[in-house]
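Numbering follows my numbering, in which position 97 of the sequence shown is assigned residue number 97; successive positions increment by one, without gaps.
Calculated directly from the structure, the hints in this document are not laboratory data. Being a predicted model, the structure only gives us computed values, none of them experimental. Careful, some of the hints might be misleading.
[As the list claims (entries may be wrong)] In silico BS3-like pairs for lysine-lysine, Cα to Cα no more than 25 Å straight-line:
1) Lys-258 x Lys-197
2) Lys-304 x Lys-265
3) Lys-192 x Lys-287
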Amino acid sequence: MMKKIEYDKKGFIQDVLKENIYTLHIFFFIIAVSDLIVCLFQLWIQDFNRPINVEYIIQASPIVFGFVEYFRLKKWLKEGQVKNKKSYIYIDIGIIMFWGILATMIDINSSLGLTAHVIMLFVVVEMLYHSPIVSFMISIIPSIILSLLILYFKDNIIYSTINVMVVMGLSFFIWMSSLSKYKLKLQLFIEKKQLEKLSKTDLLTNLYNHTEILNILKTTLIGHIDENYTVGIIMMDIDYFKVVNDQYGHQKGDYILKEVALLIKNIVADMGFVGRYGGEEFLIVLKHLEVEQMIEIGQAIRSKVEGYDFNGIKITISGGFKECNSENFTSAIKDADNNLYKAKTQGRNKVCF
């Protein structure tokens, strides 16, 4: 039988609080670092374009709380001032509880995209489902039980070690569950980006599709009015493409479309945007260049296609250029198309403007 050591209740509570100061010291560090990682992860998901608003300040506040308390408690431990800090230890525990509410709000906001006002309505429900508050309370229970060891064993090192292991083990459990949640969010984020790309991309040529290249043209034309830069478009069409399809088959025709698309994309590079307008037609949107440079790009594409060996097949391409002086993209495309028609009627393998 263990011999019970006599003690008074006030002394016992004070001893428990004193022993928990080291646990709090570790726990606050975990809080700060964990929330810092979460905040950076959320910013990365949103391409670091997240506005600084109330929700973001709420989400980031545990970082400040965590590091402030960590260094303050570390200072106490170093200076041996724990004995006289009983009231402040209560405040520390309160701050941890407050952090739990903040973290709960973060979870709800990040997963459901709710505003701060709506978040408050869900705090209680979320606490019952998955919350650092619940996890912390679970960690407190074994800590209190282990604190009873103080009544029988005056070995504070053993107690402190076990206590820290409990909290760190629980923190690991929290992180494992959080990682699965954020892994799912990351997977959904990647899938969303992939779907966005698919909705904007022509599957055969991997260029922008008809809808997206028109959207780019609209946006570019609006920008050129506001910022006063030059915009030009080139409509290009593979010559006698129907004959190629009929003679060599659609599989060979698809190969030629992909190769031509790649040639155009490599020449245009970062000077503009390239999209498949439809069939064997390509629309090129250029900006921040002189008109002469834009026409040279069209001629470079024409020359490259003419000299390229498409596995024994030789083809040519024609183009129509138009400088855009207004926001009327329909008119610009019509004018470029008319110039393309002019190139076709003049013998093809030309770029008219």
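Structure-based check of all given hints:
1. For the given pair, Lys-258 sits about 18 Å from Lys-197 by alpha-carbon distance, which is consistent with the 25 Å threshold.
2. For the hint pairing Lys-304 with Lys-265, the CA-to-CA distance comes to about 12 Å; that is within 25 Å, so the pair holds.
3. Annotation: proposed proximity of Lys-192 to Lys-287 is violated, straight-line Cα distance about 29 Å (limit 25 Å).
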